[in-house]
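Guided by the hints, dock chain R onto chain Y, whose structure is given.
Chains as they are written, first to last, in UniProt numbering: chain Y, 1 to 213; chain R, 1 to 526.
It is worth saying that the hints were derived from the structure and are not from the lab. Since the model is a prediction, treat every value here as computed from it, not as a measurement. Every residue, glycine too, gets a C-beta built ideally from N, C-alpha and C. Any given hint could turn out to be false.
Said to hold, decoys possible - Computed list of lysine to any residue pairs in SDA-like fashion (alpha-carbon distance at most 25 Å, straight line): (1) R:K239 - Y:L106; (2) R:K239 - Y:M169; (3) R:K239 - R:V174.
Stated by the list, open to error - Selected chain Y positions facing chain R (Cβ under 10 Å, derived; list incomplete): (4) H21; (5) G41; (6) R56; (7) W82; (8) A84; (9) F85; (10) Q88; (11) T136; (12) A139; (13) H167; (14) L203; (15) G205; (16) L208.
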Amino acid sequence: MLADQYYLIAHEDRTGRSRLHPRATGLGLAAALLAELVLEGRIGVNDGDLLVLDRRPTRDALNHDILDLLNAQPQHRDIRTWLAFLSQDSALRVAERLMRVGAVELVTRRRMLGTTQTLYMPNTARQRNAAAWASTRVANMLVRGMDLNVGDRMLVGLVVATGLTRHVMYGFEDYPHIYHALPSMIASLPGDLRELVECTEALVGSALAVGRR
Amino acid sequence: MELNREAAAKRGASGSDIISQALASNRLGVPSVVFFAVAGAAPLTVIIGAVTTVYAVVGNTALPLVYLVVAAILSIFTVGFVAMSRHIVNSGAFYSYISHGLGRELGVAAAFVALPAYALMQIGLFGLFGVVASSILAGMGLVVPWVICALVAWGLIAILGMLWVDLSGKVLGVLLIAEIAVVLIYDLVMVANPRDGEVSVATLNPAQLLTPEVVAMMVIAIGGFAGFEATVVLSEEAKDPKRTISRATHISVLVAGLMCAVSAWAMSVGAGPGRIVADAQREETNLVFSLVGPHVPDVMITIGYLLFMTSIFAALLAFHAAVSRYQFALGRERMLPSRWGYTHPRTGAPVVGSITQSVLAFVAILAYWFTGADPLVELFGYLTVVGGLGVLILMWGTSAAVIAFFVQHPRLENVWRGRVTPIIAFFLLSIILFATVVGLGDILGLSPDSIFNWAFAAGYAVLALLGAGWAAIVRFTKPDVYAVIGRGVERRTVFEFPEPPRPHSHAMAFQSEQYSTTTSSGRESR
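Next comes chain Y alone, as it looks inside the complex (with noise of 0.2 Å):
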């Protein structure tokens, strides 16, 4: 799922840390989420408002919380508010579901002055291997030109906006078409992901500006 993709991308698979600052992350998952819910036809996004089209349940636990939470609070319906309050846990929630799926696992470590800290990370050969695919997966489509479906499109968008570009194409710089191509394939997302897109970025931004953790 996309969130999942995101999460494994913007996740260093040896060590478990984010790449970006939390806050960054933590957005970039919250929008990926919610455009889990735009590509399930529940939700829609119109001039920075969400609107709920389907309340049936999606058959994701962690999508089908999220609807839920929408159904159940219709007085905020700004965007930013969502991204902002979903990417409160939103790495959290994602690794729970990476977890249940088997691709990641519970990593305590001990640190230094006896405090203790919890990681989800893969941890196998084989969970380490398809993190790790998870950003070449998406750096070779877009060097060999393929046409992406919406999900992965989403998923590049997501990418750029919150500052991956660099890491996504880490080992493809000779490649210099692929960042040709972005604003294209961005602009080419439907309305609703575009607008998720470029909220994202903003907020990224703002968040970055004041650095506050």
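Using the frame of chain Y, we list chain R on its own:
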């Protein structure tokens, strides 16, 4: 279905608003925003550094009143300013207000004034830090020239700026409370031990406000409030953007103004109103400590010196962050080359802006050292006054922008907030600005025929013209960039690169040469 939705809306509105609660728990309340703003202005730095310098340089004892008057003017200004901040959601600063109220050309002009103003203030503070640190070390028997101390601080600031370490959390709060406590204790001690044997209120005589030097002191006083712009930067982070920021801004103006005024008065009582000027000229930044010294245990003086140093350091860091943030915002809106909008992926530090400011500060410190100029008067004094002039120009422009904004949107606020206070603030700030531009040479103690009498004001004017001209060029060459100037979060386009026709799959490896040339030229033109 429709009924259900209405019922749900009612329930959500009255009872459990999960979203708002969850968001509020992680956001800033009034005290945090006040800490952020007042700590940026560093009260101890202003009181021990600026107040003594004003007494020494201007030689007028109306200072306590001047602080009160400035705080009052800024309070009036704040009414309209925060009223406008309710209607434009933007975590930008003064320049985004100006671009909303007076148009994008003037907004960019303001940004081009703001950037050097804050940069100069920060560089000037290095001079103060160097002098204070070297005198403290001299007291411990170590002879270290000021330039070494300044460079050590410079190195730390450069590293912390790159790591984007944010001291505005608990560390800054604790330091700030300690600073305020020390200031209050010192004030009490000075008032309790007047030199002349009685507590004199001579320095509070309003008649002194009619003396010609008063306006000169106002610009220096305004420099001490430079941090309060920072509150609106946090509007996206505040619990209730409408009320939190408004209250916090008013409180931080009042807290800073009252503390400075009371301390300036207490100093004049402690030294005696007739002797304060001579004492200040002799003791420089040690004035407060020499006044308090005989009456308190030594440890209080040591704590005072240490807090003075940490206070300057916090101010250095706050101004460094402000300058980097300005450059980041401008780079992001592509008014500066787009690489200024780049942030370090993991820390989020605006790396290029941070390095630029560090390099400028390094060059300035070394230049002052090579020429042997006085770090306290010529580095700290001059640069912060010139920076203060820039901040004053910004505030003046913003007060005009507030009027223009509420003329264009008349129904948003009531007459008091939308009309009366902005016009009064604009009128008062215009007087101060005019008098400052005319009298800048006197404030800096320059001879009447020196070109620096008008060079600084002219420099700001040239920068503003450059900014406005640049925005006018962008308006015709890149309308999409022009459209988002000063709009911050509201509407942004993701598209960083020009849109070429999409090439077909495998032909691209051969065309990469051609594409790389277009890419680089496309970037350079920004």
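Tell me if Y:L203 is really an interface residue toward chain R, meaning its C-beta lies closer than 10 Å to one of theirs.
Holds: closest Cβ of chain R sits about 7 Å from Y:L203, inside 10 Å.
Holds or violated: Y:A139 as interface residue toward chain R, Cβ cutoff 10 Å?
Since chain R brings no Cβ nearer than about 14 Å to Y:A139, farther than 10 Å, the hint is violated.
Cut-off 10 Å, beta-carbon criterion: hint that Y:R56 touches chain R:
With a closest approach of 13 Å, the Y:R56 hint is violated.
Holds or violated: is the Cβ of Y:W82 closer than 10 Å to a Cβ in chain R?
8 Å, holds
Holds or violated: Y:Q88 as interface residue toward chain R, Cβ cutoff 10 Å?
The hint holds - Y:Q88 has a Cβ within 10 Å of chain R, the shortest such distance being about 6 Å.
Supplied contact hint for Y:F85, tested at 10 Å Cβ to chain R:
5 Å, holds
Under the criterion of a CB-CB separation shorter than 10 Å, is Y:T136 in contact with chain R as hinted?
Constraint on Y:T136 not satisfied, violated at 18 Å.
Can Y:G205 be said to touch chain R, with a Cβ gap under 10 Å?
6 Å, holds
Verify the interface restraint on Y:A84: the C-beta must sit less than 10 Å from at least one C-beta of chain R.
Status holds, d = 6 Å.
Was the hint right that Y:H167 lines chain R, CB cutoff 10 Å?
7 Å, holds
Restraint: Y:H21 near chain R, CB-CB cut 10 Å. Satisfied or not?
Given a least distance of 4 Å, the restraint on Y:H21 holds.
Would you mind confirming whether the straight-line C-alpha gap from R:K239 to R:V174 stays at or under 25 Å?
Holds. R:K239 to R:V174 sits at ~22 Å (cutoff 25 Å).
Of the numbered hints stated above, those contradicted by the structure are hints 1, 2, 5, 6, 11, 12, listed in ascending order.
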